[in-house]
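Trainee: Sequence:
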Amino acid sequence: MIHSSTLLRRALLADAVFSGVSALAMTLDAGVLAPLLQLPEALLRETGLFLIAYTALVGWLATRPAIPKALVVLVVAGNAAWTLASFVLLLSGAVSPNVLGEIVVVAQALATGIFAELQYMGLRRSSAAVAA
1 MIHSSTLLRR
11 ALLADAVFSG
21 VSALAMTLDA
31 GVLAPLLQLP
41 EALLRETGLF
51 LIAYTALVGW
61 LATRPAIPKA
71 LVVLVVAGNA
81 AWTLASFVLL
91 LSGAVSPNVL
101 GEIVVVAQAL
111 ATGIFAELQY
121 MGLRRSSAAV
131 AA
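Numbering of the sequence shown is given in this note's numbering, commencing with residue 1 and proceeding in unit increments.
Bear in mind the hints are in silico, worked out from the structure with no lab data behind them.
Hints may be right or wrong, so weigh each one.
To be verified - Distance condition first, Cα-Cα at most 20 Å in a straight line; then the derived SDA-like pairs of lysine to any residue:
#1 Lys69 with Leu13
#2 Lys69 with Ser5
#3 Lys69 with Asp29
#4 Lys69 with Val99
#5 Lys69 with Thr27
#6 Lys69 with Ala85
#7 Lys69 with Glu117
#8 Lys69 with Ala14
#9 Lys69 with Arg9
#10 Lys69 with Gly122
#11 Lys69 with His3
#12 Lys69 with Arg125
#13 Lys69 with Leu91
#14 Lys69 with Ser127
#15 Lys69 with Val32
#16 Lys69 with Gly59
#17 Lys69 with Ser126
Start from the sequences and build out the full structure, keeping to the hints where you can.
Mentor: This is the structure we're talking about:
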């Protein structure tokens, strides 16, 4: 367990808010977003459903003064992997988004990468919890 630093808690909270808004938009409006972005509706909806669970986890971590370090490391690694996977998706040809779709994928990838970096910095500033 670690005592989470203020930076870590704020970075986790910002991630939860961004992910929560994205989750709602992708889950509830996948049918509207798909033709607008030229991205598969199923990809948007399933990503949104995943983000609902992710938002709950990250939001929970953000509100706790002492949290498992392993979970934070998992979140940081997941965010880094998400960032990389977003660019791989665009370059792979597996999807053919229009320019707006490409901008949205790149923007969310960059935001996720920033969250990973801030969370990593916050993790390094956190201190080990002392057992009572």
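Trainee: Confirm or reject each hint.
Mentor: Cross-check of the supplied hints:
no.: 1; hint: Lys69 with Leu13; result: holds, 16 Å
no.: 2; hint: Lys69 with Ser5; result: holds, 12 Å
no.: 3; hint: Lys69 with Asp29; result: violated, 35 Å
no.: 4; hint: Lys69 with Val99; result: violated, 39 Å
no.: 5; hint: Lys69 with Thr27; result: violated, 30 Å
no.: 6; hint: Lys69 with Ala85; result: violated, 24 Å
no.: 7; hint: Lys69 with Glu117; result: holds, 16 Å
no.: 8; hint: Lys69 with Ala14; result: holds, 19 Å
no.: 9; hint: Lys69 with Arg9; result: holds, 13 Å
no.: 10; hint: Lys69 with Gly122; result: holds, 11 Å
no.: 11; hint: Lys69 with His3; result: holds, 9 Å
no.: 12; hint: Lys69 with Arg125; result: holds, 12 Å
no.: 13; hint: Lys69 with Leu91; result: violated, 33 Å
no.: 14; hint: Lys69 with Ser127; result: holds, 10 Å
no.: 15; hint: Lys69 with Val32; result: violated, 39 Å
no.: 16; hint: Lys69 with Gly59; result: holds, 15 Å
no.: 17; hint: Lys69 with Ser126; result: holds, 9 Å
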